[in-house]
Amino acid sequence: MAAKGWIEVSDTYCKGCELCISACPQNVMELNMAHLTPKGYHPAHTFKDGCTGCAICAVVCPDAAITVYREVTKSVSSMAAPV
Amino acid sequence: MTTENLVYERPEAFTEMPTHYCPGCTHGVAHRLVAEVLDEMGIVDKTIGVAPVGCAVFAYNYFATDFVEAPHGRAPAMATGVKRVLPDRVVFTYQGDGDLASIGMGEIVHAAARGENITVIFINNANYGMTGGQMAPTTLPGMKTSSSQSGRDVETQGYPIKVSEMLSTLEGVGYCVRRSLHDPKNIRLAKKAIRAAFETQVRGLGFSMVELLSTCPTNWGITPVNSLKFVEEHMVPAYPLGDYKVSDAVKQIKI
Chain A
1215 MAAKGWIEVS
1225 DTYCKGCELC
1235 ISACPQNVME
1245 LNMAHLTPKG
1255 YHPAHTFKDG
1265 CTGCAICAVV
1275 CPDAAITVYR
1285 EVTKSVSSMA
1295 APV
Chain B
243 MTTENLVYER
253 PEAFTEMPTH
263 YCPGCTHGVA
273 HRLVAEVLDE
283 MGIVDKTIGV
293 APVGCAVFAY
303 NYFATDFVEA
313 PHGRAPAMAT
323 GVKRVLPDRV
333 VFTYQGDGDL
343 ASIGMGEIVH
353 AAARGENITV
363 IFINNANYGM
373 TGGQMAPTTL
383 PGMKTSSSQS
393 GRDVETQGYP
403 IKVSEMLSTL
413 EGVGYCVRRS
423 LHDPKNIRLA
433 KKAIRAAFET
443 QVRGLGFSMV
453 ELLSTCPTNW
463 GITPVNSLKF
473 VEEHMVPAYP
483 LGDYKVSDAV
493 KQIKI
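Chains as they are written, first to last, in the working numbering: chain A, 1215 to 1297; chain B, 243 to 497.
Hints were generated in silico from the structure; no laboratory data involved. All C-beta atoms, glycine included, are put in the ideal place defined by N, C-alpha and C. Be aware that a few hints might be false.
[What the hints assert, rightly or not] Computed cross-link-like contacts, BS3-like style, restricted to lysine-lysine with a CA-CA straight-line distance of at most 30 Å:
id: 1; chain 1: B; residue 1: K434; chain 2: A; residue 2: K1253
id: 2; chain 1: A; residue 1: K1218; chain 2: B; residue 2: K434
id: 3; chain 1: A; residue 1: K1218; chain 2: B; residue 2: K427
id: 4; chain 1: B; residue 1: K434; chain 2: B; residue 2: K471
[To be verified] Just some of the chain B residues that point at chain A, by a computed CB distance under 8 Å:
id: 5; residue: P260
id: 6; residue: Y263
id: 7; residue: G270
id: 8; residue: Y302
id: 9; residue: F309
id: 10; residue: P426
id: 11; residue: R430
id: 12; residue: P466
Using the sequences provided together with the hints, build the complete structure.
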């Protein structure tokens, strides 16, 4: 079973460029049209379950706005952090 | 949320300042890769960056390292001075193509020829981003910019300058490669190259440069996602990715 992960997108940094959305292998990201950041962008968020914590979104993010977490299981915890 | 769960977070070599770059500009990716490498090598406290003139002119606001601001194109000359006075520090310049390949061409060529022990991060986005997308020496043949509105005419405006190929012919160069920032795989390869470039400097093995193919969504007039496609379809064929010079001593480095 795939690992379960989750992300936090910073309102301070996200500019809604959508690079993470097109890069997400699970297609679980979209812009949050119900929310505006202080700069006036619609930030990215995960809109459904399925995030595996692979951190591809963080790899392509030009603004280092995404923090990635992954549920710890025995097999996963021994893996080296990506990037 | 324990650190046990953490897979990725913002590098510590960054300050808290949000960047001024346009949404989707890969300058931010390049900044992040440099910051991650500085974190991994544990050299944030002894690194001195040299900011260029161009979009990255405010780079000193974003890195938690010491920084100086050079006149247009003169970052390699300033880095030479800094490195010679403080040889135990890690000195890098971060330059765009308008800065490095145009007005600063003399400085970069001679810094490389002298084998100055500095690292250069060269961002190639095929135009002058900060001033409104004018034609740069790296603009592709036929590419429309605000100062070549019917496309770059090679008859009158010449062909693009391939900086990595050119500098790789110089004796003083220890490490000279070209990478791209258009997809996760290439971003990871770019990070490895930046690490190797800094390792080259730390070991005193000569001049090191990483050329990064980058996007300029605003001045190209296309979305950030389409800009990445443009890099893949048009820039990578014109500027082939690869290792142009890796000296024998640099090949021995085990990271």
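Q | Hints violated by the structure (numbers, ascending) | A | 1, 8, 9
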